[in-house]
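Asks: Listed below are the residues making up each chain.
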Amino acid sequence: MYTQIREGLAAAGGWRHRTGRQTVQVSRNVVYLGLTSFFTDISAEMVSTVLPIYLLFTLRVATFQLGLVDGLYQGATALVQVVAGGIADRGRHKEVAVVGYALSGLGKLGLLAAGGALGPVVGIVLADRAGKGIRTAPRDALISLSSEPDHLGASFGVHRALDTAGALLGPLVAFGLLALVPGRFDTVFVVSACFAALGLATLVVLVQGRAAPKEKRTHLSSKVALALLTRPRFLVLVLAGGGLGLVTISDAFVYLSLQRRLGFDARFVPLLYVVTSFAYLALAMPVGRLADRWRRDGVLVAGYVLLVLVYVALLAPGLGAALLIAVLLTFGAYYACTDGVMSALASAVLPEALRTTGLALLQTVVALSRLVASALFGALWTLGGLHATTEVFLAGLLIALPVATLGLARTAL
Amino acid sequence: MSARIAAFAAVCTAVALLGAGYVGLAALRSAGPSVSARAARSPAIIGGTAQLGQELGRPHLVFLQPSGGDPTQNELAVAPLAGPSPRRTLSGLHCSRLYVDAGHGICVGQNAAGVGHLLDAELRPVTTFLQPGLASRARISPNGHWAAATVFVSGHSYAVVGFSTQTLLYDTSTGAATNLESFTVTRDGHAFQSPDFNFWGVTFANGARFYATLGTGGHTYLVEGDLARHTAEVLRDGVECPSVSPDGTRIIYKARVPGTVGQWRLHVLDLRTMSDSALGETRSVDDQAEWLDSRTVLYGLNDQGPPATLDVNLWALPVDGGPPTLYLQHAASPAVARGAP
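Heads up: the sequence lines are chains A and B, in that order.
Our numbering applies: residue 648 is where the first sequence begins, and numbers increase by one.
Our numbering applies: residue 8 is where the second sequence begins, and numbers increase by one.
For the record, the hints were derived by calculation from the structure and aren't laboratory data.
From the three backbone atoms N, C-alpha and C, an ideal C-beta is built for every residue, glycine too.
Chain A regions said to be covered by chain B (calculated; three or more residues, Cβ under 8 Å): (1) 814-825; (2) 835-844.
Okay, derived cross-link-like pairs now, SDA-like style, lysine to any residue, Cα gap no bigger than 25 Å in a straight line: (3) K741(A) / A17(B); (4) K741(A) / F15(B); (5) K741(A) / A13(B); (6) K741(A) / S9(B).
Far from chain B, by Cβ distances over 10 Å, these chain A residues were calculated: (7) K741; (8) A749; (9) L753; (10) K870; (11) V871; (12) L876; (13) R880; (14) L893; (15) P933; (16) A949; (17) L953; (18) L956; (19) A963; (20) L1041; (21) T1052; (22) L1060.
Isolated chain A (complex conformation) (with noise of 0.2 Å):
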């Protein structure tokens, strides 16, 4: 992947997709966006992967309760989220991305610093979700604002890619330094902050901002971003976005759920992670192309098709291991039509002057909708079981899916 990225680079022109006869553009800015959340997500992952181990080691304390909490604050981050965004669509999307991203880095000298006390940490794990709600639609409209229209869904597919593989790299950076320095948590933290500080870099240096649209300042950005939603495309996409996130299982349950299903160990659920993620990354690309050469509404239709599938795999009898397999890889190409490509739909109907607060807005009630799905099947897999928790959520999906098809049909460009 990064040696690609070189040669990318090294065509000076940014980067070039080529498949079959035609040669896609995607922006020099993108790649670099790319790459900020690339080194960032090798920083954010190395920490999330160490620091259960690493709080349970130095304080002593299981903090089974802390998932909940942070699982509450990100509900609050929402306004947050949704103000930043308004800030940043007077033309300061690098600005505000930069306070999100370095929010989150200075969060890995903060570990190092807080030695292990309990407050300081939380301060600072809730201070990294902060900053990854304030950066998340100021990058999106920078990416969307930097691509040519008709190439939207490739560059949030390459942005993606290069997210992923940073994921994917994270924990195994950790596990190596571990390796390499027994028990010295500190090295994690001091190299999670150097690539933070690549992340960060790469933001300042090389990515270029987008000055503020002269005709359209926009002032009070809570008004401002209802306004939004009397637009019927942007809001179809808003209720699909929340209606469709209500009924989506969350990856930790359904790995869960295949887990049970097949009874294997507990102990390689992370593999059947890194499979989902491989596809994932292997697809974003081609996918959002292909979202740009046909509809997006119809790549995103497509994806949720194939969460149907991946559902009905997690009920159905005999399932096997090479099913497994492609269960992951439908997974994976499900996140694959639907992640970026929802983000350049959107891209695609929100006004340049608004984008980043309409970004945030939707990104927001994806994010609420999905937590209130977790709780939901949380309680209803302890009520009446898993399977029949499984069917409530399929029948939620095929009534979801065909409303929001409708209502993307109607309002298609």
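Model the placement of chain B on the given structure of chain A, informed by the hints.
Replies: Showing chain B alone in chain A's frame:
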């Protein structure tokens, strides 16, 4: 743009040098003084296979000599059971957590990757397994047929910071592993299940009976399980890391101190009457206790100094009341071998 790329390259070089320098220094330091420091702390160490064999031939304590930092560097050691003796024999095997009984042993967390071993009567590895995570508890059944290991595994997700535990039961003759989460659990006679089930701290009674902690929804239940039928039944709330007495009538466990985080007190629970009482140890204990005899339990406590260190000492505590006494310094993860099986 070329100036920007040059600036970026300069930043990259500086950051890479900084990171590599820090890791390099850490690697040098961790390779340096640790061996001599260990020798200085324990002048009475004797090594060698012959010595180990001799120690194993009489009642003895198998334990881990703490490394004072990295748990995977704890070294398996043996000391005579009778009388306070500074003599200890190191085996050369490293584990994060250890247990032996009935001529079998289990060593969990030999390295950061999660390699562990089932051991024979001479404490030699016979079967190697992989159970990634931070090793927490280990046990062997009194008949030697079963081994249990609990590790903390972290959720692999960008957004979630939290823990779950994984407890595997190993067949000591084949090395085959069974996840405790596959057992059918009942509470008050009804089926009980939840995705947030976590099991830890298995203790084996005679036959197919075992006890463990089931964590779910903020509760920590004591469950009584059946190895043959793959079932477990909830007995009581608020019980962590049980350790059943050799006669199977009582359980020593750690009870969370209300209103605190990570503070536990040792309690004894009579399984016949379900009467419960706190023991005479007032410090917080985070360990699975080991029965030294029918009246005394052993457990590890961090060296509280002053100054406090990462070293661990073993303490002995009467189960019928009374204060703890220091049993063995610079030792953790105790397993008592009373005599030839």
